[in-house]
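Just so you know, the protein sequences line up as chains R and D, in that order.
Residue numbering for the first sequence follows full-length UniProt numbering, starting at 1 and increasing by one per position.
Residue numbering for the second sequence follows full-length UniProt numbering, starting at 1 and increasing by one per position.
In short, the hints are calculated from the structure, not lab data.
If you're wondering where the values come from, they're calculated on a predicted model, not measured in any experiment.
Check each hint, because a few of them may be wrong.
The calculated label-pair distances, taken between Cβ atoms and stated as ranges, are [what the hints assert, rightly or not]: (1) R/A49 - D/G146: 26 to 36 Å; (2) R/E45 - D/A153: 46 to 56 Å; (3) D/E10 - R/F120: 55 to 65 Å; (4) R/L232 - D/R95: 20 to 30 Å; (5) D/A153 - R/Q208: 28 to 38 Å; (6) D/P90 - R/A49: 24 to 34 Å.
Chain D is nowhere near these chain R residues, computed Cβ spacing over 12 Å in every case [stated by the list, open to error]: (7) V9; (8) R76; (9) E90; (10) I124; (11) A159.
Built from N, CA and C at the ideal position, the CB exists for glycine as well.
So the chains spell out like this:
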Amino acid sequence: MSHPVRHPVPRLESAGLDGWLVRLFDDIDEANLAWIEALMGACEENFGAALIDLVPSYTTLLVCFDPLRMDGGEARRRLLTQLAELRPREGDAESAPLKTLPVWYDESVGPELKRLAAGFAGDIAAVIHAHTQAEYRVFALGFAPGFAFMGGLPASLEAPRLATPRRRVPAGSVAVAGRQTAAYPTVSPGGWNLLGRTPMALFDRHRQGHSLLVVGDRVRFEAVDRETFIELGGDPTPMEEGA
Amino acid sequence: MSELARLRVEQAGPLALLQDAGRFGVRRLGVTQGGPADPHAWAWANRLAGNSWGAAVLEITLGGLTLVAERDAWLALAGADLGATLDGEPLTPWRRFRLGAGQRLAFAMPRVGLRAYLAVPGGFHAEAELGSLACVVREGLGGHRGEGRALAAGDALAFRAAGQPSGPEEAPPAVRPDYAAEPRLALIPGAQIAAFRGSSLFAAFHHPWRVDARADRMGVRLTGPKLECAIDSLVSEGIGLGAVQVPPDGQPIVLLNDRQTIGGYPRLGSLTPLACARLAQCQPGQRLWLRPQGREAAHNDFVRWRREFD
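Please put together the full structure from these sequences, using the hints given.
If you want it as structure tokens, here you go:
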């Protein structure tokens, strides 16, 4: 990684009586992850049973604690101590788990392939090539359980959201919006550009860890054909007309 | 050993959901907290049923629900007055009562408040998902049959039939909110408060707000003076319960139990948990006020309230 060393200038912002939002950076950058993950580890060690939830996102970490065990002042003191000693997780990018998602890229399940191909002289294969060549990092989970926002999208695939969001985006849909990519864990409304579909279960309440992707993961997409997609458990039902 | 009892659902109404205290520790996976929209009434229902904090209670929104007992049971009701009747006889909330085998408990329509809480000794039984029974329809998690399903006609709710519960039979009048009164909801100012225009801040705390019809367990939109903020949007970040976000249209949205875990609108601050509880009982059109409260005072109020249920 060729990132210059980034040092956070953390600010603590009130997030209600049971939370502090730690703002570590102002801009989205992959190098933020090493700091955010280090702070998550420190909170888990330091807050013990008083820790209720951690919500990492691109530039911030929301720390929710149990007000019966700790007041806001005490939580703030602990966070400031942790921040003073914080070091980024070493070798973060190299040691992050690499997960590969098979994707069936096809216009029947990826209606925006054509729109994206406009930037490649109409060549859909070039869109697929660009999407599968890049390596992505998970910056945040949100919107729905297991929905991972991944950064690292090549500029050539940058595309605005749809003017009118779809009411039903099928589960497994692989999509891009802005400079990010994602896969929809369950059927839901959504305004991202759909390129294909993965047969992988992105969220499974019965599976250890529940979510296939977590913040910090490295992700690659791998193109598979229709048969392989179905063999892996994928549902090839085409997008509904006007969906 | 007590025996398994069941309440049969004859008619489900618009929205009846099992709720324990909520789902915690998994918000980093994009899983929201769920739990009772009004924890005050929820906690009292549990207390009147002789339960400690956290047992699963039925949250009944708007009414329209009819339940039949398969055997004699003790139940407790708190929160909104949804025009409940027991075999046709009026039943007021904030008390424990006996439902005999074959008797019919029916909820009509809201008279005051929006959400009633029905508790049984020991709590309703169901399989926990991600550590909680809290029913979140949007996520397909929790509830009486798992998969985030609301109650439907023909369903049954299981619990252990127990003897007369211990503890108070009736909630003292002092703890029963007057849902018809205009609430003054406490708001802890947030980090972006300085980005709002001075006149907007004055208006936020000196003009009344109205609860919009666009209100559910994810959030409640308020209509009133247009709040102007120098910030349009932020990089998405974790949002806590009660966060008051202000999108570019200047009309605030208070984020409740089923909110998305991250969001990117500037925030005026956060309603306290008790203010959220009170807001959850406001019908559309209800007039209310916002009042700033310091973090420490809000903490002390909350801890004093919460210790009541230990």
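(message) Which constraints among the numbered hints does this structure fail? Numbers only, ascending.
(response) The structure breaks hints 4, 6, 8; every other hint is satisfied.
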